[in-house]
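A.B. asks: So you can see what is in the structure, the chains are spelled out below.
Number of protein chains: 2
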Amino acid sequence: MVFYVIGLGLGDEKDITVRGLECVKQCSHLYLEYYTSLLGIDTNKLEEFYGVPIIVADRNMVETEAEKIYENARDNNIGFLVVGDPLCATTHIDIILRARKLGIKVEVVHNASVMGAAASCGLQLYQYGYTVSIPLFEGDWKPDSFYNRIKYNMNGGMHTLCLLDIKVKEPDYEAMMKGKTKFLPPRFMTINTAINQLLEIENIRDENVISKDSLAVGMARLGQPTQKIIFGTLEELRCIDFGPPLHCMALCGELHPVELELLEHFRVNDNDLRIVDYDENDSGNDSSPEPDL
Amino acid sequence: MVFYVIGLGLGDEKDITVRGLECVKQCSHLYLEYYTSLLGIDTNKLEEFYGVPIIVADRNMVETEAEKIYENARDNNIGFLVVGDPLCATTHIDIILRARKLGIKVEVVHNASVMGAAASCGLQLYQYGYTVSIPLFEGDWKPDSFYNRIKYNMNGGMHTLCLLDIKVKEPDYEAMMKGKTKFLPPRFMTINTAINQLLEIENIRDENVISKDSLAVGMARLGQPTQKIIFGTLEELRCIDFGPPLHCMALCGELHPVELELLEHFRVNDNDLRIVDYDENDSGNDSSPEPDL
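The listed protein sequences derive, respectively, from chains A and B.
FYI, my numbering numbers position 164 of the first sequence as 164, with every residue one higher than the one before it.
FYI, my numbering numbers position 228 of the second sequence as 228, with every residue one higher than the one before it.
Check before you lean on any hint, since a few could be wrong.
Treat identical chains as interchangeable: a pair holds within one or across any two.
[Stated by the list, open to error] Straight line, CA to CA, 27 Å or less: simulated DSS-like cross-link-like pairs of lysine-lysine:
no.	residue 1	residue 2
1	LYS101	LYS68
2	LYS68	LYS228
3	LYS25	LYS14
4	LYS142	LYS212
5	LYS14	LYS45
6	LYS105	LYS228
7	LYS45	LYS25
8	LYS101	LYS45
9	LYS228	LYS45
10	LYS151	LYS68
11	LYS25	LYS68
12	LYS151	LYS105
13	LYS228	LYS101
14	LYS105	LYS14
The hints are simulated quantities; they were obtained by calculation from the structure and are not laboratory data.
Kindly produce the complete structure, drawing on both the sequences and the hints.
C.D. replies: Right, here's the structure in full:
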C-alpha cells in the first residue's frame with residue numbers, strides 16, 4: 001500500500017491538485033500536519049470535501065507515533081497532508097525517508113508553498129538569500145541568530161524572507177502544576193511584533209543592518225482570497241493591521257527597477273495607515289504591546 | 001470577465017489544482033506559456049484533459065500580443081497557463097499587473113515550482129542564497145555573472161540553486177539568410193554541460209570558489225514520475241546521464257548533519273556512474289562535447 005505525502009497549497013480545500021485529490025480518495029484515513037503552517041479553513045471542511053476522515057497531528061504525535069503511522073501504511077493507503085508543499089520543511093523529508101527505509105512505498109504530491117508565493121509582492125525569488133525564522137521573544141529570552149543572517153543578505157544585496165513564529169499546542173504549565181494536561185491557545189506572530197523585535201535587536205546590536213526607514217513588504221494570508229500585501233518602511237508597516245494569520249515579511253535588499261515598479265502597486269496608502277487594533281480575544285493576534293505611532 | 005493566471009505544477013495534466021481546473025473549464029481559450037519552463041507531457045494531452053483549446057505562446061507572442069490577450073479578456077474568461085508557479089518569474093507578475101492597470105479582473109492560482117521542489121534532495125530551502133541562471137556558452141560568449149553570486153553564497157555557507165539555460169524558438173539565421181522564417185529545435189542545458197562551464201569559469205577566474213571535489217546535487221525532471229536526484233562531487237556528477245530535460249543543480253554550501261543524512265539517500269553509486277551517452281538526435285540534450293572521464 002502507499003504512504004501519500006500530499007501538499008495542500010495555501011488557501012482552502014480546493015488548492016489540492018487533481019492528482020492529490022485522487023490519492024486522498026484512495027486513503028483509508030488522513031493525517032493533517034498542524035504545527036508548521038496553517039490553512040485558511042477548518043478541518044471539517046477538508047474532511048467533507050475529501051470524504052475521508054482526518055486526524056489532526058501535532059509535532060509530538062508525528063514524532064512519537066510515526067511507527068504507528070507507518071504500520072498502518074502496510075495494509076492501507078495512508079495520506080499525510082501538509083499545508084503548502086510537503087518538502088519545504090526538513091521534518092517532512094525526514095518522515096518520507098524513514099518510511100522508505102522501512103520498505104514502505106511513498107508518493108509525494110507537490111504544491112505551492114509560502115516560499116514561492118512570497119514572489120507575489122514583486123521581489124524576485126532569485127534575489128532572496130537566507131530565509132530566517134523570527135521567534136516570539138518571551139521575557140528575557142530574545143534569541144537573535146536571524147540578525148547575522150539578515151546582515152549577510154543585506155550586505156550581498158539580497159532580500160530576506162522572514163517567517164514568523166507559530167506556537168501551537170504549547171503546554172499550559174500553570175494548569176499542569178495543578179495536575180491537568182492543558183494547552184495554551186495557538187499564537188501566531190504578527191508583522192507588527194516582528195518589526196518591533198527586529199528594531200529591538202538592531203538597537204542592542206547596533207550594526208546598522210536595519211532601521212525604521214528600511215523598506216519591507218508585509219504579507220498576510222498569502223495565496224488566500226483575503227491576502228494582503230503592503231510595501232513600505234518598517235515604521236509604516238508596523239502601524240498597519242494585517243488581519244488574521246499567517247503573516248510573513250520580506251526585507252528588501254538592493255531593488256532592481258523592475259522590482260521597484262512592481263512594488264509600487266503595493267505601496268502603503270492612507271487607507272492602510274490605521275492604528276493597529278489588537279483584539280485581545282482574537283487568538284489570531286499575538287499578545288505583543290501596541291506599537292508606538 | 002476574468003483573466004486567470006494558472007500554475008500547472010511540474011509534472012503532467014493532473015498537477016493542476018482543483019481550483020485551477022475549475023477556472024480552466026470556464027475559459028473560452030487558454031494560452032500556454034512556453035519559454036521559461038517545460039512540462040513533462042504534450043500540449044494535446046493538456047487540451048484533452050481540460051477540454052479547452054490551447055494556444056502555445058512564446059515570449060515574443062506574449063510580449064507583442066499582450067494587448068490582444070487582454071482585449072479578449074474583456075468579453076471572455078481567458079486562461080494563461082504557466083508551468084510551475086505563475087509568480088516565480090517576474091515576467092508573469094508584469095503581465096498580471098499590466099492587466100490590472102487596464103481594469104481587467106485577474107485571478108492567480110498558485111502551484112508547485114522548481115524552487116520549492118528543489119528541497120526534494122534534502123538541502124533545506126532556508127539555506128539557499130541567490131539563485132543563479134547558467135547560460136549556454138556560445139563560442140567566445142561566456143558570461144560569468146553567476147560566478148560572483150555563487151562565491152557570495154559559498155562564503156556565507158549558503159547553497160546555490162543553479163537553473164540551466166532553455167533555448168526555445170531561436171531563429172535559424174542560416175535559413176533566414178535564404179529568406180525563410182525558421183526556428184532551431186529547442187535546446188536544454190544538461191547538468192553535465194553546466195558543470196563543465198562552471199569548472200571552465202573557475203579555471204579562468206581562479207578564485208577558489210568551486211572545484212572538481214565540490215559537493216552538489218543534480219536534479220532532473222523534478223516533480224515528475226521519472227525524477228532523478230543524485231548527490232556527489234562535481235567530478236562524479238558530470239559523468240552521469242540524467243536523461244531528458246529539465247535539469248537543474250544545487251551547489252552545496254555548509255551542510256548541516258541533518259542535511260548530510262538526507263543527502264546520503266541520493267549518494268551517487270556504481271549504477272549511476274555510466275558514461276554520458278550524448279544522442280545527437282535527441283533534442284533533449286544540448287550539443288556540448290563529451291565530458292572527460
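A.B. asks: List in ascending order the numbers of the hints, as given earlier, that are violated by the structure.
C.D. replies: 2, 8, 10, 12
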